[in-house]
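Residue numbering for the sequence shown follows my numbering, starting at 1 and increasing by one per position.
Keep in mind the hints are simulated off the structure, nothing from the lab. If you're wondering where the values come from, they're calculated on a predicted model, not measured in any experiment. Keep in mind that the hints are not guaranteed to be accurate.
[Claimed, not checked] Across the chosen pairs, the derived CB separations fall in these ranges:
| # | residue 1 | residue 2 | range |
| --- | --- | --- | --- |
| 1 | Gln-207 | Gln-3 | 23 to 33 Å |
| 2 | Glu-38 | Val-440 | 52 to 62 Å |
| 3 | Thr-16 | Gln-207 | 50 to 60 Å |
| 4 | Glu-233 | Glu-390 | 15 to 25 Å |
| 5 | Arg-398 | Pro-195 | 24 to 34 Å |
| 6 | Asn-456 | Arg-398 | 58 to 68 Å |
| 7 | Thr-39 | Val-386 | 39 to 49 Å |
| 8 | Arg-439 | Gly-214 | 19 to 29 Å |
| 9 | Ser-179 | Gly-214 | 17 to 27 Å |
| 10 | Ser-32 | Glu-233 | 56 to 66 Å |
| 11 | Asp-159 | Pro-236 | 42 to 52 Å |
| 12 | Glu-110 | Glu-365 | 30 to 40 Å |
[To be verified] Below, computed lysine-lysine pairings styled on PhoX-like, alpha-carbon distance capped at 20 Å:
| # | residue 1 | residue 2 |
| --- | --- | --- |
| 13 | Lys-86 | Lys-63 |
| 14 | Lys-86 | Lys-147 |
| 15 | Lys-104 | Lys-86 |
| 16 | Lys-49 | Lys-66 |
| 17 | Lys-185 | Lys-147 |
| 18 | Lys-7 | Lys-86 |
| 19 | Lys-104 | Lys-66 |
| 20 | Lys-31 | Lys-55 |
| 21 | Lys-228 | Lys-301 |
| 22 | Lys-62 | Lys-31 |
| 23 | Lys-301 | Lys-261 |
| 24 | Lys-220 | Lys-66 |
| 25 | Lys-147 | Lys-66 |
| 26 | Lys-104 | Lys-185 |
| 27 | Lys-220 | Lys-104 |
| 28 | Lys-185 | Lys-220 |
| 29 | Lys-63 | Lys-31 |
| 30 | Lys-55 | Lys-86 |
| 31 | Lys-185 | Lys-228 |
| 32 | Lys-147 | Lys-177 |
| 33 | Lys-263 | Lys-220 |
| 34 | Lys-66 | Lys-31 |
| 35 | Lys-49 | Lys-86 |
| 36 | Lys-220 | Lys-261 |
| 37 | Lys-263 | Lys-147 |
| 38 | Lys-49 | Lys-104 |
| 39 | Lys-261 | Lys-177 |
No residue lacks a Cβ here, since even glycine has one placed at the ideal position from N, Cα and C.
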Amino acid sequence: MPQGIGKLTCLQTLNTFVVGRNTGSGLQELKSLIHLRETLHISGLENVKDVGDAKEAQLDGKKNLKVLFLEWSRRLDRTVELETEKRVLDMLRPHANLEELTIKGFGGTEFPIWLGDSSFSNLVVLEFVWIQSFMEMDPQRLFDHLKTLSFVAMDEWEDWIPYGSDQEVESFPQLRKLSLVRCSKLQGTFPERLPLLENLEIIRCEQLLVSVSGLPTLCKLMIYGCRKVTLPERLPLLEESDLRRCGQFQVSLSGLPTLFKLKIVGWRKMAGESATNFPSLDPVVDNDTSMNQDFLAGLQKLEELEIQNIDDVTYFRQSGIRLLQDISSLNRLVIARCPQLLFLGAEEEQNLQQLALPGRFQYLELTDCQGLEKLPQALLSLSSLVSFPEFPLPSQLRTITICGCHALESFPEAWMHGSNASLERWDISDCNSLTYIARVQLPPTLKMLCIKFCGNLRTLVEEVCPRQQ
């Protein structure tokens with residue numbers, strides 16, 4: 001940052017101010033910039049050696065600032081002077097009109113006095129990133145007005161608000177969004193009552209026990225890599241859920257009447273883990289390695305379902321709940337990296353010619369399901385389906401039947417060239433938009449091709465002129 005910027009006394013927009021290490025602008029340059037508004041990001045604060053420079057910046061006089069980002073570098077050669085950094089942050093008190101504050105890389109062990117001041121009633125977004133030693137604070141005063149609270153890469157943070165459950169209950173009365181990301185040592189019990197929370201994100205907090213009894217307004221949930229998660233029996237407003245690799249997970253999917261998007265990823269044994277320590281998903285996956293029959297009960301608004309990386313699943317049980325038939329709203333299904341998956345329904349029920357798919361079903365993706373042997377007939381009878389994803393066929397798949405796909409225009413080239421494909425029979429009927437089957441060649445393993453009622457079909461292999469080849 002060049003010297004002399006403080007002379008631009010009418011300046012209103014300065015998104016980033018970098019404190020010079022040895023030369024360049026110091027914090028005192030901000031003193032005269034009283035008209036700054038909206039957003040200010042101050043980086044290089046580790047270069048401030050004189051606490052007086054921070055005081056001269058007079059951030060508390062900049063009433064038009066709404067968003068403030070204070071950043072200390074995480075350079076390996078940085079020498080952390082805890083007392084200096086604490087005093088610098090004390091001196092960087094903003095105006096009470098501030099609405100959003102981010103503190104990144106701070107090395108001190110205590111919050112600044114001003115952060116718990118009741119005058120900051122307009123502060124609704126607070127984010128801590130890469131704080132080396134989490135600081136003590138009074139949560140009762142700090143969190144009363146917050147709507148968004150984020151903790152990111154808090155490597156040394158171990159205790160979740162060690163003030164007792166009575167104070168925890170009243171600490172987040174207005175909170176709408178809470179994010180805990182990469183707080184690897186954080187342990188203890190998550191606050192149980194968050195009455196207005198709409199968005200909850202917990203990522204790679206491996207020691208944290210999440211047990212929540214009251215989330216009546218939760219709309220979006222993402223949990224990845226926690227020790228144990230227990231959610232209420234009902235989340236009446238939940239719309240999106242992304243669940244990934246938790247040690248133990250307890251949630252009743254039947255209590256999610258508004259859920260339209262569900263993603264389940266993980267729960268596969270890592271190197272060095274014994275069978276007794278292998279994380280289990282309960283009750284989504286049960287002991288006989290099939291999807292629990294209550295898995296999809298009550299998800300009548302589910303539109304998108306994605307399941308990945310579940311090693312032990314062999315089939316989706318269809319007694320009582322059938323994956324595709326009973327969810328009338330489903331339009332997208334993705335199953336990836338489930339190597340033991342053999343069938344989408346119970347093995348004894350594969351001849352379900354009468355199975356009707358949801359009328360809105362549009363997208364099917366099966367990736368790295370090496371053991372897949374059969375697909376239900378109705379999966380390949382989609383009137384609104386335009387195309388399949390550009391992925392090779394499962395290596396064990398020998399027969400495909402596609403009928404009644406009136407909008408289908410083409411087949412993936414990957415089907416024709418898959419080196420590990422075993423396709424032997426291909427039945428196609430009543431696909432009025434098809435004009436050709438393959439662009440260059442048919443699958444080399446194909447032994448029988450049966451085509452019926454495809455009135456616009458002109459050729460099996462599209463004619464390609466030499467120049468295009």
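Hints, verified against the model:
1. For Gln-207 and Gln-3, the Cβ-Cβ distance of about 47 Å falls outside the hinted range of 23 to 33 Å, so the restraint is violated.
2. Remark: the range hint 52 to 62 Å for Glu-38 to Val-440 is upheld by a beta-carbon distance near 56 Å.
3. Distance hint check: the CB atoms of Thr-16 and Gln-207 are about 36 Å apart, inconsistent with the given range 50 to 60 Å.
4. Range check, Glu-233 to Glu-390: Cβ separation about 41 Å, and the 15 to 25 Å hint is violated.
5. For Arg-398 paired with Pro-195, a C-beta distance near 55 Å fails the hint of 24 to 34 Å.
6. Remark: the range hint 58 to 68 Å for Asn-456 to Arg-398 is contradicted by a beta-carbon distance near 28 Å.
7. Distance hint check: the CB atoms of Thr-39 and Val-386 are about 43 Å apart, consistent with the given range 39 to 49 Å.
8. In this structure the supplied range 19 to 29 Å is violated for Arg-439 paired with Gly-214, their Cβ-Cβ distance being about 56 Å.
9. Separated by about 19 Å at the C-beta atoms, Ser-179 and Gly-214 satisfy the suggested range of 17 to 27 Å.
10. Take Ser-32 and Glu-233: their Cβ atoms lie about 59 Å apart, and the range 56 to 66 Å holds.
11. At roughly 32 Å, the beta-carbon separation of Asp-159 and Pro-236 lies outside the given 42 to 52 Å, and the hint is violated.
12. About 51 Å separates the C-beta atoms of Glu-110 and Glu-365, a value inconsistent with the hinted range of 30 to 40 Å.
13. A hinted pair counts as satisfied when its Cα atoms are at most 20 Å apart, and Lys-86 with Lys-63 does not qualify at roughly 23 Å.
14. About 26 Å separates the Cα atoms of Lys-86 and Lys-147, which puts this hinted pair outside 20 Å; it is violated.
15. Under the criterion of a C-alpha separation no larger than 20 Å, the hint pairing Lys-104 with Lys-86 is consistent with the structure, at around 13 Å.
16. For the hint linking Lys-49 to Lys-66, the alpha-carbon distance of about 27 Å lies beyond 20 Å, and the restraint is violated.
17. At most 20 Å may separate the alpha-carbon atoms for a hinted pair to count; Lys-185 and Lys-147 exceed this at roughly 25 Å.
18. A distance of roughly 29 Å separates the Cα atoms of Lys-7 and Lys-86; the hinted pair therefore is violated under the 20 Å criterion.
19. Taken as a hint, the Lys-104 and Lys-66 pair is honoured in the structure, with Cα atoms around 17 Å apart against an allowance of 20 Å.
20. Taken as a hint, the Lys-31 and Lys-55 pair is honoured in the structure, with Cα atoms around 9 Å apart against an allowance of 20 Å.
21. Between Lys-228 and Lys-301 the alpha-carbon distance is near 27 Å, which puts this suggested pair outside the 20 Å criterion.
22. Our distance criterion of 20 Å between C-alpha atoms is met by Lys-62 and Lys-31, whose separation comes to about 9 Å.
23. Distance hint between Lys-301 and Lys-261 is fulfilled; the C-alpha atoms sit about 9 Å from each other, no more than 20 Å.
24. Distance check on the hinted pair: Lys-220 and Lys-66 sit about 27 Å apart at the alpha-carbon level, beyond 20 Å; violated.
25. With a C-alpha separation of about 15 Å, the suggested pairing of Lys-147 with Lys-66 holds against the 20 Å cut-off.
26. Restraint check for Lys-104 and Lys-185: satisfied, since their Cα atoms lie roughly 18 Å apart, inside the 20 Å limit.
27. For a cut-off of 20 Å, the pair hint linking Lys-220 to Lys-104 is broken: about 26 Å separates their Cα positions.
28. Of the pairs offered as hints, the one joining Lys-185 and Lys-220 is violated, with about 25 Å between alpha carbons and a cut-off of 20 Å exceeded.
29. With a CA separation close to 13 Å, the supplied pair Lys-63 and Lys-31 stays within the 20 Å bound.
30. With a C-alpha separation of about 13 Å, the suggested pair Lys-55 and Lys-86 falls inside the 20 Å cut-off, and the hint holds.
31. At most 20 Å may separate the alpha-carbon atoms for a hinted pair to count; Lys-185 and Lys-228 meet this at roughly 14 Å.
32. Taking the CA atoms of Lys-147 and Lys-177, the gap is near 6 Å; set against the 20 Å cutoff, the hint holds.
33. Simply put, Lys-263 and Lys-220 have alpha-carbon atoms about 12 Å apart, close enough for the 20 Å limit, and the pair holds.
34. Only pairs whose Cα atoms come within 20 Å are accepted, and Lys-66 paired with Lys-31 is accepted, the gap being roughly 17 Å.
35. Of the supplied pair hints, the one linking Lys-49 and Lys-86 holds, its CA atoms being roughly 12 Å apart against a limit of 20 Å.
36. For a cut-off of 20 Å, the pair hint linking Lys-220 to Lys-261 stands: about 9 Å separates their Cα positions.
37. At most 20 Å may separate the alpha-carbon atoms for a hinted pair to count; Lys-263 and Lys-147 exceed this at roughly 26 Å.
38. Restraint check for Lys-49 and Lys-104: satisfied, since their Cα atoms lie roughly 18 Å apart, inside the 20 Å limit.
39. For the proposed pair Lys-261 and Lys-177, the alpha carbon gap of about 19 Å is at most 20 Å, so the pair holds.
Checked against the numbered hints above, the structure violates hints 1, 3, 4, 5, 6, 8, 11, 12, 13, 14, 16, 17, 18, 21, 24, 27, 28, 37; every other hint is satisfied.
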